[in-house]
Amino acid sequence: MTEKELSKKTIEILLEIRKHQPLVHHITNFVVMNSTANVTLAIGASPIMAHAHEEMEAMSAFTSVLNLNIGTLTPYWLDSMILAGKVAGERGIPIILDPVGSGATPLRTEAARRILSEIPITVVRGNASEVMSLFAGGEKIKIRGVDSMESVEAVRHGATVMAAELRKVVAVTGEIDFVTNGHSSIEIHNGHPMFRRVTGTGCGASTAISCFCAVEPDPLVATAAALGYYGLAGEEAAKVSNGPGSFQVALYDALYDLSQKTMMEKLRIRPVR
Amino acid sequence: MTEKELSKKTIEILLEIRKHQPLVHHITNFVVMNSTANVTLAIGASPIMAHAHEEMEAMSAFTSVLNLNIGTLTPYWLDSMILAGKVAGERGIPIILDPVGSGATPLRTEAARRILSEIPITVVRGNASEVMSLFAGGEKIKIRGVDSMESVEAVRHGATVMAAELRKVVAVTGEIDFVTNGHSSIEIHNGHPMFRRVTGTGCGASTAISCFCAVEPDPLVATAAALGYYGLAGEEAAKVSNGPGSFQVALYDALYDLSQKTMMEKLRIRPVR
Amino acid sequence: MTEKELSKKTIEILLEIRKHQPLVHHITNFVVMNSTANVTLAIGASPIMAHAHEEMEAMSAFTSVLNLNIGTLTPYWLDSMILAGKVAGERGIPIILDPVGSGATPLRTEAARRILSEIPITVVRGNASEVMSLFAGGEKIKIRGVDSMESVEAVRHGATVMAAELRKVVAVTGEIDFVTNGHSSIEIHNGHPMFRRVTGTGCGASTAISCFCAVEPDPLVATAAALGYYGLAGEEAAKVSNGPGSFQVALYDALYDLSQKTMMEKLRIRPVR
Chain A
1 MTEKELSKKT IEILLEIRKH QPLVHHITNF VVMNSTANVT LAIGASPIMA HAHEEMEAMS
61 AFTSVLNLNI GTLTPYWLDS MILAGKVAGE RGIPIILDPV GSGATPLRTE AARRILSEIP
121 ITVVRGNASE VMSLFAGGEK IKIRGVDSME SVEAVRHGAT VMAAELRKVV AVTGEIDFVT
181 NGHSSIEIHN GHPMFRRVTG TGCGASTAIS CFCAVEPDPL VATAAALGYY GLAGEEAAKV
241 SNGPGSFQVA LYDALYDLSQ KTMMEKLRIR PVR
Chain R
1 MTEKELSKKT IEILLEIRKH QPLVHHITNF VVMNSTANVT LAIGASPIMA HAHEEMEAMS
61 AFTSVLNLNI GTLTPYWLDS MILAGKVAGE RGIPIILDPV GSGATPLRTE AARRILSEIP
121 ITVVRGNASE VMSLFAGGEK IKIRGVDSME SVEAVRHGAT VMAAELRKVV AVTGEIDFVT
181 NGHSSIEIHN GHPMFRRVTG TGCGASTAIS CFCAVEPDPL VATAAALGYY GLAGEEAAKV
241 SNGPGSFQVA LYDALYDLSQ KTMMEKLRIR PVR
Chain C
1 MTEKELSKKT IEILLEIRKH QPLVHHITNF VVMNSTANVT LAIGASPIMA HAHEEMEAMS
61 AFTSVLNLNI GTLTPYWLDS MILAGKVAGE RGIPIILDPV GSGATPLRTE AARRILSEIP
121 ITVVRGNASE VMSLFAGGEK IKIRGVDSME SVEAVRHGAT VMAAELRKVV AVTGEIDFVT
181 NGHSSIEIHN GHPMFRRVTG TGCGASTAIS CFCAVEPDPL VATAAALGYY GLAGEEAAKV
241 SNGPGSFQVA LYDALYDLSQ KTMMEKLRIR PVR
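Protein chains in written order, with the working numbering: chain A, 1 to 273; chain R, 1 to 273; chain C, 1 to 273.
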């Protein structure tokens with residue numbers, strides 16, 4: 001698809017979300033439970049937050065997508081993710097993994113790798129160091145300095161190899177987002193620096209991906225469209241805000257109703273040639 | 001009481017809350033802990049969030065009302081509710097139950113029913129499908145289609161029978177809220193569609209009920225007044241907001257200081273004849 | 001230092017925070033995880049929320065400061081604090097304790113005292129009754145009536161004795177904040193009544209102290225500067241808000257960028273003679 005076609009596709013996916021209001025099951029961290037539920041609602045889907053082992057099977061039987069996030073992780077919550085992921089996998093619904101803090105501590109790194117090996121994850125979204133921690137040899141790439149051009153190339157190469165080998169979509173977010181399924185790749189140039197001054201905005205990006213994957217069967221397109229929409233909402237929010245507090249409020253407002261005109265003009269979702 | 005008397009009563013209850021600043025003990029879900037604490041403070045009461053088994057007895061000894069909410073439930077938290085509920089019941093303070101997700105999974109349905117059977121609940125507030133899941137035969141009423149007129153009548157009938165049999169107040173919230181003690185019933189016509197696009201606003205309604213029940217001895221009147229006030233605050237918030245983010249902010253502002261004039265003119269708390 | 005020197009020092013510390021973006025490890029309560037992470041980011045530091053026993057040692061190895069908060073406490077979380085605190089203590093990084101609810105239940109009081117005895121706490125911040133519950137004889141001072149002048153003197157005396165004996169900084173916040181290391185004391189006259197109508201603003205003050213202690217070696221100065229900055233941000237926020245919802249949003253905005261001019265003119269951080 002061309003950049004223009006991807007803008008149109010983004011609008012189509014949003015209309016589908018608002019028509020079907022898919023149920024997005026989150027097993028996520030304590031910091032962002034409220035904010036990601038609000039991102040889900042602003043986009044037009046319906047959030048369910050649940051983690052009790054006793055209801056993972058029942059809950060996973062009627063949801064449209066599963067969003068896993070390993071912030072504030074404990075072993076109990078990891079087991080919740082495995083339980084829900086097995087059912088989601090059997091049902092064939094998309095599963096999104098946000099490996100928060102993978103690479104920072106062994107608990108997180110091992111948890112992310114265990115989830116990837118036991119659950120049929122559809123999309124992984126993280127920052128460069130989180131994504132790098134997931135692939136073989138990732139330990140050897142220095143985490144500091146990931147913004148250098150050399151490292152950006154290394155991360156993209158690693159992400160592409162991992163995506164191809166594991167048959168997943170891998171999204172590396174940062175100043176420019178990079179999404180790949182191992183064969184085709186897309187860059188997203190939407191976004192704003194203020195995202196970094198509000199907690200949970202990365203987790204919110206993963207939630208946006210989950211909402212888009214709930215109705216769009218191609219996870220590469222769904223992921224790129226979600227990141228474009230989310231980034232553009234941030235750009236529009238920044239225009240009417242005075243700092244991180246008002247930015248977050250305006251972000252929810254923008255996610256709720258960016259106009260199709262704004263999207264056609266300002267989305268920057270670009271296939272990598 | 002007439003509609004006008006109920007408006008006056010709402011104002012009186014609010015003045016009492018602000019005078020005594022009652023302590024509202026919440027055992028609630030992770031998604032809404034922050035937002036319901038802020039609803040409590042905006043209304044003029046004082047929130048306490050605590051769930052450790054070791055302090056349930058001590059904490060319940062000096063609070064004015066107990067708010068139970070089964071979102072993000074696990075067995076540990078259910079036991080916290082039972083422990084706190086026993087002490088609250090012995091002390092005779094009001095106990096409000098929000099059966100979030102009852103009917104959706106067996107864990108939730110059985111938890112809500114266990115709480116109702118072991119704890120002297122004063123008020124239950126839920127949406128139609130949650131309330132329907134609580135009463136005998138509730139399983140047989142289809143959950144889908146609860147907005148049809150036929151179902152609305154069935155739910156109201158069920159709620160009235162349950163309220164009379166169990167000697168509780170039952171509140172079914174939706175486009176029009178319905179509150180009953182089994183003998184008298186009240187409709188609340190305040191509210192706004194934007195409530196549905198912000199997470200935890202149903203839980204916030206239960207918190208408002210808790211604040212009102214802390215100072216008003218008649219739980220039917222307290223519940224109706226709380227839902228009227230909360231719904232009207234939403235109407236006023238919607239006037240000055242651009243989407244779900246600014247709506248939530250404006251909701252806290254409105255809960256903090258709706259004028260008596262606005263309340264007398266716009267509250268729609270109507271006895272059902 | 002004089003009041004004017006303390007204003008200048010506050011600006012210097014802020015510039016240091018924004019230069020180094022120190023990692024602030026929070027083990028805190030469910031109500032404020034999101035809001036204190038946002039306070040951290042608005043001030044210019046980086047929050048990490050983690051509590052799993054399995055990663056307390058690894059996480060504590062690369063953080064700049066540890067923030068402990070006993071709201072919504074359970075024994076598991078207390079053990080997390082002890083585990084992280086031991087490593088933080090060995091590394092010599094500052095540790096801030098917010099004894100939320102100490103004095104209200106034995107669980108909280110005993111937890112706060114255990115933390116103080118087992119972990120080398122740098123700063124304790126609480127309201128008068130929380131701080132009073134921590135020192136020997138604290139039980140005998142009436143908790144009600146802490147705003148009377150007599151009690152204010154008693155609390156300040158107790159805080160000063162405790163600070164000197166335990167070699168810690170003790171901060172008692174209220175209408176006028178009081179910070180002491182047992183030898184020198186500082187009053188902070190910044191602040192606003194609206195702080196009391198938003199949940200977690202006391203926890204946010206402790207987070208501000210943690211951010212300031214991460215880069216300023218003198219914890220008395222760091223604590224006083226943090227409380228002055230946080231209080232002044234509240235004053236500025238109150239000017240542009242209509243109630244508790246918009247106040248909280250404006251508070252984040254103000255924490256993000258109070259001008260140096262505003263700080264030099266309006267900070268009220270006064271050495272006690």
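Just so you know, the hints here were simulated from the structure itself, not pulled from any lab data.
One or more hints might be untrue.
The list cannot tell twin chains apart, which means a pair is met if one copy fits it or any two copies do.
Within a straight-line C-alpha distance of at most 30 Å, the following computed DSS-like cross-link-like pairs (lysine-lysine) qualify [what the hints assert, rightly or not]:
(1) Lys86 x Lys4
(2) Lys4 x Lys261
(3) Lys261 x Lys239
(4) Lys239 x Lys86
(5) Lys4 x Lys19
(6) Lys8 x Lys86
(7) Lys19 x Lys266
(8) Lys19 x Lys239
What you are looking at is a predicted structure, and each value in this text was computed from that prediction instead of being measured.
Hints, verified against the model:
1. Lys86 x Lys4: neither (37 Å within a copy, 56 Å between copies)
2. Lys4 x Lys261: Within one copy, since 12 Å is at most 30 Å while 47 Å is not.
3. Lys261 x Lys239: both (17 Å within a copy, 25 Å between copies)
4. Lys239 x Lys86: neither (43 Å within a copy, 45 Å between copies)
5. Lys4 x Lys19: within (23 Å within a copy, 40 Å between copies)
6. Lys8 x Lys86: For Lys8 and Lys86, neither the intra-copy (34 Å) nor the inter-copy (55 Å) Cα distance is at most 30 Å.
7. Lys19 x Lys266: within (24 Å within a copy, 33 Å between copies)
8. Lys19 x Lys239: both (29 Å within a copy, 26 Å between copies)
In this structure, the hints that do not hold are numbers 1, 4 and 6, in rising order.
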